[in-house]
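K.L.:
Those protein sequence lines, which keep their order, are chains A and B.
For the first sequence, position 15 (counting from the first letter as 1) is numbered 285 according to the working numbering, and the numbering increases by one without interruption.
For the second sequence, position 52 (counting from the first letter as 1) is numbered 234 according to the working numbering, and the numbering increases by one without interruption.
Take these hints with a grain of salt, some might be off.
[Said to hold, decoys possible] A short, non-exhaustive set of chain B residues, derived as facing chain A with CB atoms under 7 Å:
1) L264
2) L268
3) A270
4) A274
5) T275
6) A278
7) F282
8) I284
9) L286
10) A288
11) L289
12) A292
[Stated by the list, open to error] Some chain B residues flagged as far from chain A (calculated, every beta-carbon gap over 12 Å):
13) L185
14) D186
15) V297
16) L326
17) G443
None of these hints come from the bench; they were simulated from the model.
Predicted, not measured: the structure shown is a model, and the values here were computed from it.
We put the beta carbon where it would ideally sit given N, CA and C, even for glycine.
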Amino acid sequence: MALSYIGGENAQVEVGLPEAVTGVFQGLLLFFLLASDFLVRYRVRSVRLVTE
Amino acid sequence: MTLDFTVSVLITIMAAATPLLFASLGELVVEKSGVLNLGIEGMMLAGAVAAFAVGVSTGSGILGVVAGTAAGALMAFAFGVLTLTLAANQVATGLALTIFGIGLSALLGASFVGVPVEELPTILEMFSDGEASPIVQLILGHDLLVYLSIVATACVAWFLKKSRAGMILRAVGESDISAHSIGYNVIGVRYRAVIFGGAMSGLAGSYLSLSYTPMWAEEMTAGRGWIALALVVFASWRPWRVLMGAYLFGGVTIGAFLAQGLGVEIPAQVLNMLPYLATILVLTLIAVGPWKGRLNAPACLGIPFRPST
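My request is simple: use the sequences and hints to build the entire structure.
P.N.:
Okay, here's the thing in structure tokens:
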């Protein structure tokens, strides 16, 4: 998280990205982290649906 | 104090209370279904920037409000996918939604900073030249969203108390497992509640950027999302108390401005603390008071639900 702040500042300086990009990036990072938590807790299995 | 002055103060109090009311009502329904969405601030900002962008580029305030509402609902849908489908931690996801919303709105709104927008017309201005006696102004001198917020309070109160769907929603919030075992679609109900909450937050944001302060600025919600969250607890999950609380907090906000205007030596920060202090006080009173059972927080608030098949 701290790294992404520093990286965000560097990106501002070097590439000229707006400051807000840092927030978007961190938000997305957290989203994916939380979503991937699902794969830690549950095993995804392919199952065949039993139909009539 | 003249009548004119009193009326203008009351009108500004109503204006300050309306975004809080919208956001709190949405969050109230969400929490009643057992989901804690801390991302109100992010959803409000998304709504505000979408409403402003569409309002400026189409010139139509109504379209702007629709866009803002849709943007809030979309943000809430992302929250729903993470917390309901993927059963992620609701607190962490809500905070992520806030960070994301602040960043996204600042990014999208960068080109709109300082652009003027036409304010939503009040009812009076729609049907006359806007001149009227103070009493008429107090009743009719608001824009449509202010009335919508009051109607929404009545609708939410009726929905939760009287309608079948509302009772199912409360059942889901009180005991997800029981509701699931008698055949209700817990995740489906929660999805609808979460999206409704997002839409209301988006509406609150639209009101901020199109009517309350008709302009766009980064982080223009200035913590209102958090106050709205506190308001739901303050009102102990009752719609009409949310309305009361919103007007009370709106009054405190305006009171802070007035006190400064009249030269009272109170730092603005102290007055900004008041809503939160009031919430802490109410929570403490509820926790230690004789009316302990009345803290009707939904029993399953914040607990993820996975149906075990």
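K.L.:
Against chain A, is L286(B) within 7 Å by beta-carbon distance?
P.N.:
With Cβ-Cβ at 5 Å, under 7 Å, it holds.
K.L.:
Are A278(B) and chain A close enough, Cβ to Cβ, to be under 7 Å, as the hint says?
P.N.:
Because about 4 Å separates A278(B) from the closest Cβ in chain A, which is inside the 7 Å limit, the hint holds.
K.L.:
Should the label of V297(B) as a non-interface residue stand, given a Cβ cut-off of 12 Å to chain A?
P.N.:
Consistent with the label, V297(B) stays out of reach of chain A, its closest Cβ about 17 Å off (over 12 Å).
K.L.:
Grab the minimum C-beta distance from T275(B) to chain A and call the hint holds if it beats 7 Å, violated otherwise.
P.N.:
holds (5 Å)
K.L.:
Under 7 Å, Cβ to Cβ, is where F282(B) needs to be relative to chain A, so tell me if that hint holds or is violated.
P.N.:
Given a least distance of 2 Å, the restraint on F282(B) holds.
K.L.:
Does the claim that L185(B) lies outside the interface with chain A hold up, using a Cβ gap greater than 12 Å?
P.N.:
holds (46 Å)
K.L.:
Is the interface hint satisfied for A270(B)? The criterion is a beta-carbon contact with chain A at less than 7 Å.
P.N.:
holds (4 Å)
K.L.:
Given a cut of 7 Å on the nearest C-beta pair, is the interface hint for A274(B) held or broken against chain A?
P.N.:
A274(B) check passes; min Cβ-Cβ to chain A is 6 Å, inside 7 Å.
K.L.:
Looking at D186(B) again, its CB stays over 12 Å from all of chain A?
P.N.:
The claim stands: D186(B) keeps its Cβ more than 12 Å from every Cβ of chain A (closest is about 42 Å).
K.L.:
Answer holds if the nearest beta-carbon of chain A is closer than 7 Å to that of L264(B); otherwise answer violated.
P.N.:
Holds: closest Cβ of chain A sits about 6 Å from L264(B), inside 7 Å.
K.L.:
For the hint on A292(B), does the least C-beta distance to chain A fall short of 7 Å?
P.N.:
holds (6 Å)
K.L.:
Given A288(B) as an interface hint, is the shortest Cβ-Cβ distance to chain A below 7 Å?
P.N.:
holds (3 Å)
In this structure, none of the earlier numbered hints is contradicted; all agree with it.
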